[in-house]
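Number of protein chains: 2
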Amino acid sequence: MLAVTILGNNSALPAFDRHPTSQLITMDEHLFLLDCGEGTQMQIAKYKIRRSKINHIFISHLHGDHYFGLIGLITSMGLLGRVQPMHIYAPAPLKEMISLQLKVADTNLPFPLHFHPLQEEGVIVVDQKFEVSCFRVYHRIECWGFKFRQIKAPRKVSPERAREHEVPSSFFERLKWGEDYITKQGDIVKNEWVTDASSKGKSYAYSADTIYDERIVDHVSGVDMLYHETTYLKDLEERATKRFHCTTAQAATIAKKAGVKKLIIGHFSSKYETLDQFETEAKEVFPNTELALEGVTYRI
Amino acid sequence: MLAVTILGNNSALPAFDRHPTSQLITMDEHLFLLDCGEGTQMQIAKYKIRRSKINHIFISHLHGDHYFGLIGLITSMGLLGRVQPMHIYAPAPLKEMISLQLKVADTNLPFPLHFHPLQEEGVIVVDQKFEVSCFRVYHRIECWGFKFRQIKAPRKVSPERAREHEVPSSFFERLKWGEDYITKQGDIVKNEWVTDASSKGKSYAYSADTIYDERIVDHVSGVDMLYHETTYLKDLEERATKRFHCTTAQAATIAKKAGVKKLIIGHFSSKYETLDQFETEAKEVFPNTELALEGVTYRI
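Line by line, the protein sequences give chains A and B. Here this note's numbering is used: position 235 in the first sequence is 1555, and no number is missing along the way. Here this note's numbering is used: position 291 in the second sequence is 1611, and no number is missing along the way.
These are calculated hints, taken from the structure and not from any lab test. If you're wondering where the values come from, they're calculated on a predicted model, not measured in any experiment. Do not take every clue at face value.
The list cannot tell twin chains apart, which means a pair is met if one copy fits it or any two copies do.
[As the list claims (entries may be wrong)] Each computed SDA-like pair below joins lysine to any residue, with the alpha-carbon atoms no more than 20 Å apart:
id	residue 1	residue 2
1	LYS1472	ARG1483
2	LYS1472	ALA1365
3	LYS1562	ASP1516
4	LYS1366	THR1594
5	LYS1415	THR1427
6	LYS1576	GLN1448
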């Protein structure tokens, strides 16, 4: 399972009940937080997300609408008694800021906080079942995109064949990952008897805040779903470029050139009260586009 | 006019749609912000407060639930094109934090930001019509209370007598502050002919986060309205003391000893879903108590 839940889809100024950027990535049993604008902890509560299951937070860049909610989220996690480690991947200066904020509050977090400064493109988290990599995008300040990839997709369990071999449904999750089942009598039920190979692992790429730049295409090439920012409609391309942001048409062009399966767009400027035109314009270039709407989960 | 609008009334963890601490003080044409927990800029938008009229922000202490929303508020003010100066009164380390956050974002605010570190008790802002002073309260870290006082109260205009002397209602605001009116014919209408002396200026004191400490009594003695924290109900006095907070009964005792006219209570722990019991318990000690409820304006 790979899915993206939008917690905030607006650009710098909160407006029209749209919040600054944050996304929750669900990859099987793991939850990852991607950017953390002001109020993210309230959005997490609103959408009943189990914050204790978030162990990795990725921050694309140090403009406030992408990280001002981080310190509140981690101090609240501390107040709630979290003990398991938290890993933060972000531009280096964030570490000093967090340290200073904890120091002046005389706060000792009850959990280990591991800070991983982003330094070069490549894989930053690797696990048996997934990997996360980062790549540069092109904004006014240092800014990173992230790619989430299932290393191997789970196998498909055949409930009928599993029942024939008396494999209990409680073991299905382990079957998905290739394990054989051993019956009470000690007989082996080979995994391939009761499962089928799946298609390859799913992938999601997040391009953060960026000017239109085709260097991004290679990094997101062929992903199942791409999030690309569209701060402005296409008539404001000049403004977008000046501010190192993108328009609908530009985002959709990246999606098209990269041959992704699906595009979601967000980071809408607070000058727009309604969003329909964003969808219309992006679909003209890349038909399989959806708006990134708060509270909505996009399954891949 | 002196009034207090509650923007956030909860303690450290946002819960039950209650937000971290922030209050807006309206003193005649001036707006002051008192503490600025995460999400305050959204609360300001929700309650349709004219943020451009806020020129002074007071931060009691550097626990996050009292200031994590400040950097977002001031950077948003910059994005909205604010030009007039902003004055911030806060414990000294906040200055370094704001500077660091602006620096890493490569942000230059388009307005002057004047930082006034709180150092000793006494008057910190003085104006023709009001003054603001600070006093120490007793929390786990350096923490300040604030007192807002109208220096002289406006005179009471008698509409009947003003009409008799043909003073237009557009001049009433200036009558309130003691001006004489000069008619088109050049005749003087003496202020006292059409106004009456008022009672003395109104006052409001805010005790921030504090353990029960009677040293506070002198500072808030006789104010028209006192805000005092009540993080816990009275059965949790031991926990309150351990955490340098107060119970309902303790807050009401301070109000009683100080002979204030009215008490409002807030900073409720997130362990409480409902608040009725806070009001009941405080009123047992100090009857003229109200809960500080978000979105409500308490006129003095």
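Here's how the hints hold up against the structure:
no., hint, verdict
1, LYS1472 with ARG1483, "neither (25 Å within a copy, 86 Å between copies)"
2, LYS1472 with ALA1365, "neither (32 Å within a copy, 46 Å between copies)"
3, LYS1562 with ASP1516, "neither (51 Å within a copy, 59 Å between copies)"
4, LYS1366 with THR1594, "between (22 Å within a copy, 18 Å between copies)"
5, LYS1415 with THR1427, "both (15 Å within a copy, 19 Å between copies)"
6, LYS1576 with GLN1448, "neither (31 Å within a copy, 64 Å between copies)"
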